[in-house]
Structures are given as C-alpha cells and as structure tokens.
Amino acid sequence: MKSMKALFAGLALAAMVLPGVVANGAAAADYKAEYKLSTVLGKPFPWGIGGDRWAELVKEKTNGRINVKMYPGSALVNGDQTKEFTALRQGVIDMAVGSTINWSPQVKELNLFSLPFLMPDHKAMDALTQGPVGKQLFDLLATKDVVPLAWGENGFREVSNSKHAITKPEDLKGLKIRVVGSPLYLDTFTALGANPTQMSWADAQPALSTGAVDGQENPVAVFTAAKLPTLGQKHLTLWGYVADPLIFVVNKEVWNSWSKEDQEAVRAAAVQAAAEEVAIARKGITAQDDSLLKELATQGVAVVQLTPEQQKAFQTATRAVYDKWAKTIGPDLVKAAETSVAGRN
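With mature numbering (1 follows the signal peptide of the UniProt record, and there is no 0) as the guide, the letters of the sequence shown map in order to residues -28 to -1, 1 to 317.
Just so you know, not all the hints are guaranteed correct.
To be verified - The calculated lysine-lysine pairs, modelled on DSS-like cross-linking and capped at a C-alpha distance of 27 Å, are:
| id | residue 1 | residue 2 |
| --- | --- | --- |
| 1 | K31 | K296 |
| 2 | K307 | K31 |
| 3 | K232 | K4 |
| 4 | K199 | K107 |
| 5 | K199 | K266 |
| 6 | K116 | K284 |
| 7 | K224 | K116 |
| 8 | K135 | K266 |
| 9 | K15 | K55 |
| 10 | K307 | K266 |
| 11 | K80 | K95 |
| 12 | K95 | K299 |
| 13 | K55 | K33 |
| 14 | K135 | K116 |
| 15 | K224 | K95 |
| 16 | K135 | K145 |
| 17 | K224 | K33 |
Honestly, the hints are just simulated from the structure, not real lab data.
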C-alpha cells in the first residue's frame, strides 16, 4: 500500500514538473505551440531569408521553447501588407519583419525613410537606423503595443520600366509606375510627371506581365529574385531615391509572456538575423561588389547609374514633396535625421 501511495505521489509530482520550468519561473507549457511570424517576401528574397533565419535562431537560442513559423506573402492579412502593423498590434500576428513603408500609414514618422533623396548611401542609412534617430523611432514603436528589436534592410529602391532608359525627370513623364501603398510615393512620382498606381506586391507582378503598368520601384535584390527582367523590365535606373529599412518586432503581449531569459534570446536572435540579412541585401550592388549588376546585364537589362548631377535634377523636382512631408513626419525628427546624415563617417 505504501508503495502505491509513493507511486501516486510520484506521478502527481511528475505531472507538476513535466510541463517544465524555464528561466525566471516562466512555464514552457504557457507558451504557444507556434508563434506566427509575418513577412511580405519569402525566400529567396533577403527579407524572407532574414525572417526564416530569425525563426531558426529563436528555436536554437531558446532550446526549442519558442517555435516560430514564418508566413510570407502577407498571408496573415490576406496579402494586404499595409494592414500588417494593425494586425500585429491586435495580436493576430505574433512577430514580424516589417517594412517601414508598409507601416507608415499607421506610424507617420516611419515615412522618414521615404523622403526623396534624404539618404545618399548606405552609410547614411546606417547613421539613421543605428544612431539616435533609430532609437527615437524604436522608443515610439514601443508605445504602440510592439517591442522593436533590430533593424534589417530591404534596400535602396531603384526604378525600372519596359519602355526606355530613365536619366532625367522628363523620362518618367506618362509612365505607369507601380508604387507601394503610401501617399508619399504617389506625391513623389506625380511630381516627376509619372502616373503612379498603388497596388500590393501580389498584384504587381501580373500587372507588369500584362503591361497594365510600365514599371516599378524596388531594391535590386527584389528586382533580381522576382525575375522582373522576364516581365519586360529591361531598363533599370540606380537613383537611390529612398530606402526601406526593415524592423524585427514582437507583439508586446507575446513578449511579456516570455521569461526574461527567453526575451533576451529572442532579441539576440533578431540582432544576429538582421545583421546577416543586411549583408545579403547589399551583396552584389556596391562599388566593391557589383556582381548582381553584372548578372543583370547578361539578362539584357540596361542598367543606368545616375551621376551626382543627374540625381540632383530628380532631387530638385521632388523638393516640394520633401518639404510637405517633413511637416507631416515632424520637423524635429527630420532635422535630426539630416544632421545624422551630414555627420556620417
């Protein structure tokens, strides 16, 4: 009888212990079996590679306590990437590697990176994301039900089309250009004389294929991975007019449900995955490594690199848009950004 009592006592104790206690008293049994990670682009795009790598590192660094599944193609919001941030705040999405552009309708300050010709190079982008401006934006996001962890990168957005080379603002006149869902982009391309059309990325590729639109603007890595030369995009202009930093974030309620140790593990995973993703996004498009650009040339793409003088013409043509949106974004934030860019090393 005593042995039976001992057995039952042991089973009861095991039932209490089996769920497992992880660091700082958080029970693994309280964690979700799966956490949903949203991205707009999947692999082989750098964006998707970064999201997939984050999920992999989270599992590794938490010893399997946190399991993440990536949902590319904005699948968790039925393909509407502009609704991602709202869904993240509401808890429909647990984690995301999100675009500053796609989140800008809900967080107006994120339009900063879309001010035409604010950032002349990667050093300028780094000066913003890794400096006081980046911290200020993360502090702002932290008040909106999310926990921002690291900056990634979609890249500088270049313009392509199926008609002719673009070397001056007049070359955009009348061209139907697909743009992302931000009013700032409508203003920018309208100022340049183009006919901008907003549509999701899911709709953009068929539109390019059928000729419903003449061109688009995206980072070179996206242009290549999406095989846009096969959709008639044979003219690519490197003008670096805006950039699209990505942000690795977690829903705040989800974050607070994790132990301190696991929070730091997820943060470390985000920082590592973001650094790897940025390196991939920049590969093959720099003066030191232009392998991607050379590959495009073999596919019949005519690549134009604007001179500083040519770029200045576009900057002048969009200055009114810059000034208008600087007021919306916040003059102090824009001024801080301009100061950081001017002082970059």
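Status of the hints after comparison with the structure:
no.: 1; hint: K31 / K296; result: 45 Å, violated
no.: 2; hint: K307 / K31; result: 41 Å, violated
no.: 3; hint: K232 / K4; result: 16 Å, holds
no.: 4; hint: K199 / K107; result: 36 Å, violated
no.: 5; hint: K199 / K266; result: 15 Å, holds
no.: 6; hint: K116 / K284; result: 37 Å, violated
no.: 7; hint: K224 / K116; result: 9 Å, holds
no.: 8; hint: K135 / K266; result: 21 Å, holds
no.: 9; hint: K15 / K55; result: 21 Å, holds
no.: 10; hint: K307 / K266; result: 37 Å, violated
no.: 11; hint: K80 / K95; result: 24 Å, holds
no.: 12; hint: K95 / K299; result: 25 Å, holds
no.: 13; hint: K55 / K33; result: 30 Å, violated
no.: 14; hint: K135 / K116; result: 43 Å, violated
no.: 15; hint: K224 / K95; result: 31 Å, violated
no.: 16; hint: K135 / K145; result: 12 Å, holds
no.: 17; hint: K224 / K33; result: 20 Å, holds
Of the hints listed earlier, those the structure fails to meet are numbers 1, 2, 4, 6, 10, 13, 14 and 15, in rising order.
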